[in-house]
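Protein chains: 2
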Amino acid sequence: MKFTSIAPMEIDLKKVDITDPFWSEYQHLIKDIAIPYQWGALNDAIPDIEASHSIENFKIAAAKLENIARQDNNPLEKEAEFYDMVFQDSDLAKWLEAVAYSLCKYPDAALEQTADETIELIIKAQHKDGYINTYFTVKEPDNRWTNLAECHELYCAGHLIEAAVAYFNTTGKRRFLDAMCRFVDYIDTVFGLETNKLQGYPGHPEIELALMRLYEVTGNERYQSLARYFVEQRGANYDSDQHYYAVESRKRLGVYHYDHYGPAWMSKDRAYSQAHLPISDQKVAVGHAVRFVYLYTGVAHLARLSADKDKIETCKRLWNNMTCRQMYITGAIGAQGRGESFTSDYDLPNDTAYTETCASIGLIMFANRMMQLEPDRIYTDVMERALYNTVLAGMALDGKHFFYVNPLEVSPKHIPHNHIYDHVKPVRQRWFSCACCPPNIARIISSLGQYIYTQKDKVIYTNLYIASQTKLTLNNEEVTLTMACNYPWEEQISLKVACQNAVEYTIALRLPLWCKNPSIAVNGQKISLDKISLKGYAHITREWKNDDHIELTLKMEVLRVKSHPKLRQNIGKIAISRGPLVYCLEQADNGEDLHQLSLARTATFALIKGVGALTGKTLLQTTLLKEDANDDEDNNEDNDALYILDSKTASKTPQPAVFVPYFAWGNRGIGEMRVWVDDSY
Amino acid sequence: MKFTSIAPMEIDLKKVDITDPFWSEYQHLIKDIAIPYQWGALNDAIPDIEASHSIENFKIAAAKLENIARQDNNPLEKEAEFYDMVFQDSDLAKWLEAVAYSLCKYPDAALEQTADETIELIIKAQHKDGYINTYFTVKEPDNRWTNLAECHELYCAGHLIEAAVAYFNTTGKRRFLDAMCRFVDYIDTVFGLETNKLQGYPGHPEIELALMRLYEVTGNERYQSLARYFVEQRGANYDSDQHYYAVESRKRLGVYHYDHYGPAWMSKDRAYSQAHLPISDQKVAVGHAVRFVYLYTGVAHLARLSADKDKIETCKRLWNNMTCRQMYITGAIGAQGRGESFTSDYDLPNDTAYTETCASIGLIMFANRMMQLEPDRIYTDVMERALYNTVLAGMALDGKHFFYVNPLEVSPKHIPHNHIYDHVKPVRQRWFSCACCPPNIARIISSLGQYIYTQKDKVIYTNLYIASQTKLTLNNEEVTLTMACNYPWEEQISLKVACQNAVEYTIALRLPLWCKNPSIAVNGQKISLDKISLKGYAHITREWKNDDHIELTLKMEVLRVKSHPKLRQNIGKIAISRGPLVYCLEQADNGEDLHQLSLARTATFALIKGVGALTGKTLLQTTLLKEDANDDEDNNEDNDALYILDSKTASKTPQPAVFVPYFAWGNRGIGEMRVWVDDSY
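Line order of the protein sequences matches chains A and B.
When the letters of the first sequence are read in order and numbered with the numbering used here, they come out as residues 1 to 681.
When the letters of the second sequence are read in order and numbered with the numbering used here, they come out as residues 1 to 681.
Next up, chain A with everything else stripped away, as it sits in the complex (with noise of 0.2 Å):
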């Protein structure tokens, strides 16, 4: 069967080439570093950190397969053990997705041989019917598609996927893509509204915006009904015990997978799974962050490609609520760690935040398709804001340590003590358990040439400003793009065309809502912005010709930012921003007892370099105000008094200060961190 494909908007990552001083560093942190870590992570190579068995696992489903094949009875199957979690397979999924992003950039024949033979793997592991998943296969090889709503296996179906369509894309080899779509095709004889097939959809959606990539790489429609029907059918009955969740739960007979808060909770716990209403019937975002936003992802694809107004508008309802009502300034969702979860309108702490790297994630690939369907700056700023802070980070700049869960306020000495934070590290760690996030960061680094630009009609956006060299195509003709810039540290951008023959077009520069006085020029002449300003992009439509260059100055201005007054957590306080940085103390610079410390509104900054592990990063230096210790003492018997009784106006002084860039903080030993400070006007 021969497919056509539908052109994906996402750029061509082989016509993008990032050259920027920023990201290429972490590109080749990514290829050299966490590539290859990771690999050994995966192999359990590496000593003293969590197993993680991935691909023992498939060795072990891949053996069993083999033996059944042959009728044979290897010793392999009975000893061998499956290991961990449910979803194990994932985590090689996203690796091998990474690998295919990089090897565009970084073309590496060993490495790409290694690609292969996991994908080989991965095959020796795929059943006659195209059923892959090494859990069900090992441990329960009678119970596929028995429980939905706790076992991922639709999940590490759409992870493999995304692998595939990635694979694909790089290498042009179909074999991955092909077993790929015998699975899907078989996923399609399973689940559908007919009488015969399940009426089930995942606990973890993920096969949805799989689906869709799917979709476009082979054109097959099949596809993107499948991933309609997943997302239609999602909280069928919710009002009834004709939930499908009810319904499967029962046949089980009270067999369930996760018990942690209480047993079957994975099932019961609607929301968590994002199964608690149909999608049209969802006024906030709720449950776990990571489900959400892959959901919407997936739902948003589906929405611009089948023109569904009703869907659209959930988008934008769902991605206004968790923008306006329940993000961090850092890009980061999901306040709360009991269940990974969002909490509800205007309930942000910073000490107990859960915020998980791959919810941030999750969200820009959500603002990349909401862009796609509906190009507005607001989209692309949360895309920029949770990349820069939150999704930078989840790593360390060595590439081998991880944060899972980013809160914007700690102090390490109470940690241990105070079970609320059980969840939080005040330092990133080797690997997890749980190990979805450090390979979601590598392929979201290594993919990071499909966000620069979105290509829709005869517009190109600029979402991210990354020097790079990138061609397009416009009527036919080749044009190459080529940014230059040293963000997000400096405020000149220049953008400049070569083409043969000069194409009409429009080029749309983002104007960071964070940048009061944008400025552009064009072939050294400025423009004004009033007329030209759509969604929060400057639309410059013209004949292009080669040569041609676009300036534009988004002045860094460091911004005193404060939230919205319905905020109780943040009342009175200020963070410090500078671009699309959010900026934070730490005790490495400004000793302990942050919180002692408040910004005056005379405080001015300066830029200075950062050494050391902040070497190349851009510091701010500014004196802040100390709260002094008790002075009270006529009140008091003693300073170590808890209460002082009739307080006078604190005294404080001032103290010279350093602010970090959020995503660096972490790198110098364990110490306290702070995002919100205390306003001292």
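Be aware that one or more of the hints could be misleading.
If chains are identical, the list can't say which one is meant, so a pair holds when it fits in one copy or spans any two.
Subject to a maximum C-alpha distance of 25 Å in a straight line, what follows is the list of computed BS3-like cross-link-like pairs (lysine-lysine) [stated by the list, open to error]:
no., residue 1, residue 2
1, Lys-413, Lys-566
2, Lys-566, Lys-652
3, Lys-609, Lys-555
4, Lys-648, Lys-555
5, Lys-626, Lys-648
Everything labelled a hint here was simulated from the structure, so no lab data went into it.
Based on the hints, put chain B in the right spot on chain A.
Frame of chain A; chain B shown alone:
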């Protein structure tokens, strides 16, 4: 065997007649509402509340023992079941203790008969060897003393002992006391360092303080020795697998009672049970807050009667750590829900506070023992703080609703959505499955007469200012002290002496730390406090004769209290107090979004009278500043922006505001509450 009792330092309740308007109302509430209501609850006679089953458990246990005695086979034994908590017996014991105290002041033949009958029921459930515990009698008759870490047998014994002591003191009836002596005599044969005994000690301290009270009333040295054994054995072998809880746990072959934080957590988390170290090695208050204060109440009692310097030092060290580093301004302790426990120095979150009512009751008992040990205002100031704020907050003004958890900041609309608040209730509850707090409030309020004075040698310390008549004996002369005041609302306190013959002794008046300029007049003559003040008490020594009188004026200014600068949760915040009362803001008076209100330095306060549910309470009227809604529209796309990127000085609008006493919060429906308010200087 006949014992000579050791005079307890507590004033005999029969010699105290509380006439105080404030406290008489509460004592009436206990007598008229709380005691009958709780009796109903203990008998499962109150509809729609958590079942108690306490009386039923005793009936089942008694019937079982009767059947065993008759070698009969009553169907009750097979059908009836012990219900709920393993420590359910203690709720009945605390109720009986409260009844005993209440009968002192309010003789009530019907109530006394009910108590007598209940005592007979308890004695029917006593085994021949003296053992009483309905859980083990009904459910695990062969497993006595096999699970000290978890199963509360000695804890329940302690509460029964306290009830028996109180009932004997009130009624002079020995039946309950004798039964408890038989129980303790039996316990004494079971526990001790001798090889034929168990080297164990209770997972929940309580019996230690009860044994000291039993020792005082009986004079039986063995009871003091047994208390000393339990105290000194605690934490033995803490660094080896010979720790008693490990030993008994191994013997049970993995059977455990509680698993809500994982299997056998209660045995394993030894700090929770105060069993992680010998007490002399404990440096800071840790673990379950109620266990901690109950233990050290007993230790302080033992330390005083045995003049044990090491134990005295331990008590002082831990008192200081607890009150100077880990106590809320409301006299509440135990900052976290997990394990109902302390966290660490200077970590007192206001919204996620656990701060159990019972912990503050235990704190008062500990303070009382410390005061008896070494009189000092540092103990009685805390006693007053805990009593007038957290303990009173524990019960609604109707006597029928209770707080178990006492946060200092509540935002009801966020509670259901953020699991860090799972333990917080925005309104008082009718009962609890773990119903320790309601009868504990009943017994502390009904025994309040014991806390007004401490008589030590020839010094009479006034601890609490409660209008009352108290008969004391000095040099064999009966002296009646009549205290008159309208505390905690008014500043005038008078103390009048009535006696036949003049006697020389010292009246030492507590000068609360919150009062900057106390003044005292004796028989109309103002006296200088400079030379007579010692440890926060003004010592007036003279030959006191009939009609001598003291006028004490404790000027009650409205104080702006701030916290030690190490306490990050309260930095930049002010709490308002007047006299012993901490005040708070409530939504009922001040609208929602209380966090937007801040207090200017120039604010003045007027005393106003409460109305409705707050009739009789003095409220504080002032003007606060309310942060205006976003007005930086030029910087933002709409007023809904979650982050205002370049904030100007927040504009604030004066708003009339009312502070109410913290103890009275939550009596006017569900709404926000907040103790710590932003300091807008």
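Against the structure, the hints come out as follows:
In this assembly of identical chains, the alpha carbons of Lys-413 and Lys-566 lie at most 25 Å apart only when taken from different copies (12 Å versus 30 Å within one copy). When the C-alpha separation of Lys-566 and Lys-652 is checked against a cutoff of 25 Å, the pair qualifies only between copies, where the shortest distance is 14 Å, while the shortest distance within a copy is 28 Å. Taking identical chains as interchangeable, the C-alpha atoms of Lys-609 and Lys-555 lie at most 25 Å apart only when both belong to the same chain, with a minimum of 19 Å there against 57 Å between chains. In this assembly of identical chains, the alpha carbons of Lys-648 and Lys-555 lie at most 25 Å apart only when taken from different copies (19 Å versus 41 Å within one copy).
With identical chains, the CA atoms of Lys-626 and Lys-648 are at most 25 Å apart both within one copy (16 Å) and between copies (22 Å).
Checked against the numbered hints given earlier, this structure breaks none of them.
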